[in-house]
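Colleague: Given next are the chains, with one letter for each unit.
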Amino acid sequence: MIPAKFDYKKVSSISEALELLAKHGDDAKLLAGGHSLIPAMKLRLNQPEILIDISQIAGMNTIKMDGDEIVIGANCTHHQILTSDVVKQNAKMLTEVAKMIGDIQVRNRGTIGGSLAHSDPSADWPASVLAADAKIEVEGKSGERTIAATDFFQGIFTTALEDDEIITAIRFPKIADGNYQKFFQSASRFAIAGVAVIKFGGKVRVGVTGVSDTPYRASAVEAAYDGTSSAAALAVDGVEVMSDHFAGEEYRSHLAKVLVKKALES
Amino acid sequence: MQITITVNGKPHTHEVEPRTSLALFLRETLDLTGTHIGCDTSSCGACTVHLDGAAVKSCTLLAVQADGLKVTTIEGMANGNEMHPIQAAFKEHHGLQCGFCTPGMVMTAANILKENPAPSEDEIRHGLEGNFCRCTGYHNIVKSIQHAAGTLNA
Ligand SMILES: Cc1cc2nc3c(=O)[nH]c(=O)nc-3n(C[C@H](O)[C@H](O)[C@H](O)COP(=O)(O)OP(=O)(O)OC[C@H]3O[C@@H](n4cnc5c(N)ncnc54)[C@H](O)[C@@H]3O)c2cc1C
Ligand code: FES
Ligand code: FES
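Residue numbers (numbering that gives the first Met the number 0), protein chains in the order written: chain A, 0 to 265; chain B, 0 to 153.
No lab work stands behind these hints: they were computed from the structure.
Ideal Cβ placement from N, Cα and C applies to all residues, glycine included.
Just to be clear, a hint being listed does not mean it is correct.
Here are the simulated distance ranges between beta carbons [what the hints assert, rightly or not]:
no.	chain 1	residue 1	chain 2	residue 2	range
1	A	V257	B	N78	33 to 43 Å
2	B	H13	A	D25	47 to 57 Å
3	B	D121	A	H23	41 to 51 Å
4	A	S12	B	M0	46 to 56 Å
5	B	T28	A	Q184	29 to 39 Å
6	A	Q153	B	G79	51 to 61 Å
7	A	E18	B	H93	51 to 61 Å
8	B	E122	A	I1	34 to 44 Å
9	A	Q153	B	T28	38 to 48 Å
10	B	D30	A	T145	27 to 37 Å
11	B	D51	A	S265	52 to 62 Å
12	B	H93	A	A147	52 to 62 Å
All chains should be built: construct the whole structure from the sequences, respecting the hints.
Modeller: Next comes the structure, spelled out in structure tokens:
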């Protein structure tokens, strides 16, 4: 399986990437770890004419604290996040999430920015990004902006990112009491359902991935939360649940409720 | 385009099409056929090599992405005629049958042991999530890696 022909350019700065994006428009695709894009190109589901490799841009692969926030560069691999002390000390839940993504080899290549931009409905990060109310920092021709997690995910493989924009970093608050529960698709290891719960001051925020074609905040659960796990019954309230050959609608709904319950009880 | 990749310590400069995977580059351009291509879809791990020391699936990496970087393949593990301790452990403890998955298993095992020199059985099994074996039932692969850990730590 060999992709259709394309040109390749490794860039060393965000401005260089933005220039190439502006020049080539729809014909260009950014390349980070390539672990979603290259498989799609081999299947010829995607046939860009030029790949802009952003993986070596300086400053996009660091993890640091900025005041009370953890700033994770978009090019950080899942493995980097898994092994980061800053993450472990300030948001242990994210360490646990990274550990559950793919396998060693996938974690060594795949990036958090690529995962969010790709927005696979079964990807892991979206649940935590939503539960943490994280901010996605992007840069485009017209400057920089910050997108709230709740505005970012818009549908299957669809986000609020414009064609000429790059995700530069993800800004997470500290997470003192968070928990991620995942039911694995046993061959690919993607999430058939994944639930992130963050508790704070008697309240909760709940992010759900894998269940609907768009990851979502389980607002019904959040509103009904009473300190117990009874609100888990509302995990798919108002949500259109996906159905595929791995899990039908009823089974997925059941998994969502069970995982929300487990996460609330943890 | 022209790329230079240091493979098993030796720099190689070649003209490649950007769409060439690292796995194909290693096998067809450099004739290093120890790296196997099983699924070609990033599932089976037979194509695992090290890129700057980290295990990666070379079927899902373009050779151009590795330009300027260091790659180690199974051919780079032994020291002359002396097998790497992980290879020796696979031989000693019957960690292979047909051998198709073995290069990838050895390269992933090296990554597991680098990060965790004394892994539990459970940690080894989880570490091998991205490597499939159709022959052994994994039992002796896990045993081989446990023994290799012992040798490397001795
Ligand atoms: C075998 C296998 C198992 C996997 N298992 C899991 C799993 O369990 N859970 C999970 O969540 N994921 C899983 N993945 C997906 C993996 O995490 C991907 O690596 C990740 O989703 C995409 O990141 P990437 O860096 O590889 O992106 P790429 O493949 O390089 O890019 C993906 C898309 O994002 C765009 N893009 C990349 N970076 C940016 C940026 N900074 N700004 C704007 N757009 C950008 C690209 O143009 C492209 O459209 C798996 C993948 C494989 C191959
Ligand atoms: S050949 Fe690369 S993972 Fe199977
Ligand atoms: S020994 Fe045959 S596939 Fe593993």
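Colleague: Taking the hints in turn, state whether each one holds.
Modeller: To see whether the hints hold, each was checked on the structure:
Judged by the Cβ atoms, the range 33 to 43 Å given for V257(A) and N78(B) is violated: they are separated by roughly 51 Å. With their beta carbons about 31 Å apart, H13(B) and D25(A) fall outside the hinted range of 47 to 57 Å. For D121(B) and H23(A), the hinted distance range of 41 to 51 Å is satisfied, since their beta carbons lie about 48 Å from each other. At about 20 Å, the CB distance of S12(A) to M0(B) disagrees with the hint of 46 to 56 Å.
For T28(B) and Q184(A), the hinted distance range of 29 to 39 Å is satisfied, since their beta carbons lie about 35 Å from each other. Range check, Q153(A) to G79(B): about 57 Å between beta-carbon atoms, so the 51 to 61 Å window is met. Remark: the range hint 51 to 61 Å for E18(A) to H93(B) is upheld by a beta-carbon distance near 56 Å. Separation of E122(B) from I1(A) is about 36 Å and conforms to the stated range, judged on CB atoms against 34 to 44 Å.
For the pair Q153(A) and T28(B), the beta carbons lie near 42 Å from each other, so the given range of 38 to 48 Å is met. Between D30(B) and T145(A) the Cβ separation comes to about 50 Å, which falls outside the hinted range of 27 to 37 Å. Distance hint check: the CB atoms of D51(B) and S265(A) are about 37 Å apart, inconsistent with the given range 52 to 62 Å. At roughly 55 Å, the beta carbons of H93(B) and A147(A) sit within the given window of 52 to 62 Å.
Going through the hint list in order, the structure does not satisfy hints 1, 2, 4, 10, 11.
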